[in-house]
Amino acid sequence: MNNGTWQSFLNFNIFIVMLFIIGLYCILVTRNLMRVLIGLEILTKAVTLLLIVVGYATGHIALAQALVITLIIIEVIVIAITAGVVLSVFRHTDSLDTRNLRDLKG
Amino acid sequence: MINSVILIVMVIAALWTVLTRSLLKAAIGLALTSAIITIIMFRLNSPLAAVFELSVCTGLITAVFVSTISLTKPLTHRETIAVSKNRLRRYWYLPVIVVLSGILLSASNIQMDFTLPPKAAELDVRNVLWHMRQLDLFGQIVIILAGVFGVVTLFREKKNR
Chain A
493 MNNGTWQSFL
503 NFNIFIVMLF
513 IIGLYCILVT
523 RNLMRVLIGL
533 EILTKAVTLL
543 LIVVGYATGH
553 IALAQALVIT
563 LIIIEVIVIA
573 ITAGVVLSVF
583 RHTDSLDTRN
593 LRDLKG
Chain B
285 MINSVILIVM
295 VIAALWTVLT
305 RSLLKAAIGL
315 ALTSAIITII
325 MFRLNSPLAA
335 VFELSVCTGL
345 ITAVFVSTIS
355 LTKPLTHRET
365 IAVSKNRLRR
375 YWYLPVIVVL
385 SGILLSASNI
395 QMDFTLPPKA
405 AELDVRNVLW
415 HMRQLDLFGQ
425 IVIILAGVFG
435 VVTLFREKKN
445 R
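Heads up: the sequence lines are chains A and B, in that order. So the first sequence is residues 493 to 598, counted in the numbering used here. So the second sequence is residues 285 to 445, counted in the numbering used here.
Bear in mind the hints are in silico, worked out from the structure with no lab data behind them. Careful, some of the hints might be misleading.
Among chain A residues calculated to face chain B with C-beta under 10 angstroms, some are [said to hold, decoys possible]: (1) MET510; (2) LEU543; (3) LEU555; (4) LEU559; (5) ILE565; (6) VAL570; (7) LEU579; (8) THR590; (9) LEU593; (10) ARG594.
Below, a sample of chain B positions facing chain A; criterion: calculated Cβ distance under 10 angstroms [stated by the list, open to error]: (11) VAL348; (12) SER368; (13) LYS369.
Given the structure is predicted, the values throughout are model-derived calculations rather than measurements. All residues carry an ideal CB built from backbone N, CA and C; glycine is no exception.
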């Protein structure tokens, strides 16, 4: 990898780390279940972008695209299921506050 | 230069998604972030992944989010005021942390001494997906089926007794 490509790769990675921090902070700080999902989605986007950038830098872009397609499918299923779980929690507790989930029984 | 501008806009969109008070606006911000990532993917010679990102992440996931938000009850005026005060206190660190981490990472001038694999002969993504990553496809089918059954189980109507 020449110097220019390496510098470009590092620039991309700085922004990917920033995106990752935003998602992680959102998950850690929020008390709303929907916002936890949004944070998770931002984390996944950072990983997606990292895969594409690494694939581009190493010349394995076709493999990276195949992995990203798999990742996107997993992401959709996870979001669909967790959205269902969030709705079930809302039906039970009448709120989306995570503090109401501390009294788990069983 | 253009890439840097797009990446800065992406981080601003993600920050807006997290910092905005309204959940609906947060969902729209997420869609915007996805759309910007799509542009980056197109610029990095990944058109198929970009199309998937645009149609699935920007479209389908936003639709799922908006549906879920509309099925849940919005906060009352008093609750909104209380939550807003708390939010400001908890979230003001985020832009500072993000900007500081960006400055620190760009100033650190990281030099990792590892050898990258040799540049591969450019294969067609369809060839890779259908011939080299068949196990992935099998996994995708299993995950989709698991998701469908999961949603059916979660939203199953109770039998009238």
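List of violated hint numbers, smallest to largest = 8, 9, 10, 12, 13
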